[in-house]
Amino acid sequence: MNLNAALTTTLGFRSDLKTREFLPTGLAPLDAIIEGVPRGAISEIIGPVSSGRTTLIHSLLAASTSKFEICAYVDTDDSFDPVTATAAGVALSQLVWIRCGHNAGHALKAADYLLHAGGFGVVVLDLCQVPPRIANRIPISYWYRFRRAIENTPAILALVQNEPMAKSCASLMLEMRRKKTAWRGAPGFELLRGVELEALSRKPVRPATATFKAKAIS
Amino acid sequence: MFACIHGPGAALPQIAEAFSPSFEQTTPDTVVFRIDGLKRLFGPPDEIARAIAQKAGECVNVSIAETAEAAILAARNFSGVTVAPNLNDLDVTTLPLTDELSEIFDSWGIHTLEQLAQLPETGVAERFGPAGVSLQRLARGAVDRPLKIFQPETTYDDRIQLDHPVSLLEPLLFLIARMLNDQCEKLLSHGMAANEITLRLELENKTEHVRTLRLPIPMRESKALLKLQQMDLEAHPPEAATVALSLSLKPVNPRTVQNGIFLPITPAPDKLELTLARIRGIVGENNVGVPELLNTHHPHPFRLAQRQPQVTDPLPGKIQHAFRYFRPPLAATVELQNDRPARITASGIHGKVLNASGPWRTSGDWWTPAPWNRDEWDISLSTGMYRIYREPNLRWFIEGSYD
Chain A
1 MNLNAALTTT LGFRSDLKTR EFLPTGLAPL DAIIEGVPRG AISEIIGPVS SGRTTLIHSL
61 LAASTSKFEI CAYVDTDDSF DPVTATAAGV ALSQLVWIRC GHNAGHALKA ADYLLHAGGF
121 GVVVLDLCQV PPRIANRIPI SYWYRFRRAI ENTPAILALV QNEPMAKSCA SLMLEMRRKK
181 TAWRGAPGFE LLRGVELEAL SRKPVRPATA TFKAKAIS
Chain B
1 MFACIHGPGA ALPQIAEAFS PSFEQTTPDT VVFRIDGLKR LFGPPDEIAR AIAQKAGECV
61 NVSIAETAEA AILAARNFSG VTVAPNLNDL DVTTLPLTDE LSEIFDSWGI HTLEQLAQLP
121 ETGVAERFGP AGVSLQRLAR GAVDRPLKIF QPETTYDDRI QLDHPVSLLE PLLFLIARML
181 NDQCEKLLSH GMAANEITLR LELENKTEHV RTLRLPIPMR ESKALLKLQQ MDLEAHPPEA
241 ATVALSLSLK PVNPRTVQNG IFLPITPAPD KLELTLARIR GIVGENNVGV PELLNTHHPH
301 PFRLAQRQPQ VTDPLPGKIQ HAFRYFRPPL AATVELQNDR PARITASGIH GKVLNASGPW
361 RTSGDWWTPA PWNRDEWDIS LSTGMYRIYR EPNLRWFIEG SYD
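Chains as they are written, first to last, in the working numbering: chain A, 1 to 218; chain B, 1 to 403.
Chain A on its own, in the form it takes in the complex (with noise of 0.2 Å):
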């Protein structure tokens, strides 16, 4: 047996290699279909508003600084609630804020800077608000560029929009859906207790959905 046949045969190491480390998102109907959200990768989070983009997105990011890890929030349209974000145990003195003022570009470059500077755990590109003229002309090389800054890195780049953008280089797209919305007491005297989530892997395609349930703010 050659060295090489050795190396990779035997010892046994070169298929643990590809092996992806995932984070895990902290709802457990939906680590228990997709494992986790890949590290060193793009993921992308789609859905129309109040679909829950967002409250994965927060639960993320409190799965990542509760590993001590320090996280970034590329705010496109200065959307971010850091009393929600709280709530879901995002630690926000590890998190950095990065308000765009409506602006992709800066955004982008924004997203770009981090990347490359390395050593956070898990970086949102928010771009939920981008009107479709602006967010169809984002270039496809940007997606190929943060692709290849975060591979072989522990980074998430974790993209919440509408519609999905980074196409083949993401490795994860969860597309999420508002299924019922809790409301209780009687008519014209109404609270809002919380909604049911519900979220369905379009990449790695799994046949089941996740459904959980997300309390509202009291």
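It is possible that some hints are incorrect.
Unchecked claim - No more than 30 Å apart at the CA atoms, straight line, and that leaves these computed lysine-lysine pairs for DSSO-like:
{"#": "1", "chain 1": "B", "residue 1": "K271", "chain 2": "A", "residue 2": "K67"}
{"#": "2", "chain 1": "B", "residue 1": "K206", "chain 2": "B", "residue 2": "K227"}
{"#": "3", "chain 1": "A", "residue 1": "K213", "chain 2": "B", "residue 2": "K271"}
{"#": "4", "chain 1": "B", "residue 1": "K352", "chain 2": "A", "residue 2": "K203"}
Honestly, the hints are just simulated from the structure, not real lab data.
Here the structure of chain A is known, so what remains is to put chain B in place on it, guided by the hints.
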């Protein structure tokens, strides 16, 4: 052996430096230094003392003794030049006594250092503890301690006067790089770092352009500091050409961090600061930082702190429905039915209100120029869930969406 000079005058360090490169300035009017190496140059201790007295002038006392403390006691209590002094007859009050100890020694009839030195050491330790033992050792001239070497205050300032005015940033940065390299070398050699850099540009129009960079962590890497200066000057360029520039660094102790082998790697502080400075250059200075919650019921109870992130203990969390702000809030037209929202129309959002929860009346800060007072509703449309509010002037806004 040690020599001590005691007397008025600000020139005592210079006099001591003429005889020894390392000396202690015990008090502003007392300096003490070793004279062991001066024997070959000046001769016996008498000659050394005479040479010191000649250099120091007539109004100071000079003493030479076996220990530094004995030399200090002699110089403070014997006028003129004293060599190998006899301290036995000195009053016990020449020692650094507390009022209580002074009273006790007086009641015991202990008035001189000799009397104190002759007391049994065990008894002194039992009655006065370590402080008493230390005083007795001082009275016996047995305290042999190393000198606290005088370190002149180091400044990290530099100034360049230019022959011709410089209007472009690149040649200016070349000069700043030169100054930063020198100052950072100096910081490194003293084991220090800088947490504040002040750049003062004297301009051709007789004004000054002053920029102060406050660093969140002490740094001493000239390349990183130069990059920060460059980005700051690009964001705030001087109004006219520069004729002279000065740079001042504020020295502090460097930051030391003990990393854990099982902790995840976080961004290097200097690299992170550089990255954040670059991003600030794009999105604006006040748009990058760490979010902090404020102790208030204000609708926006948080602020963006201009500091670096820090690792803290994990927080308990639950699956919490997140909220997204619309900044600025969207102006809306709301149709009411029985004083409850029934239909809403705003830019990009419109529809029949399926469920509504409210009004949640909040107000505050009425004692400030920016009070707030509003009725909030949580509403559900077929397209999404939103938080809306009505101001006292009956104008409606959509504050954001639940997501």
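Please list, smallest to largest, the hint numbers that this structure does not respect. Checked against the structure, the hints that fail are numbers 3, 4, while the rest are satisfied.
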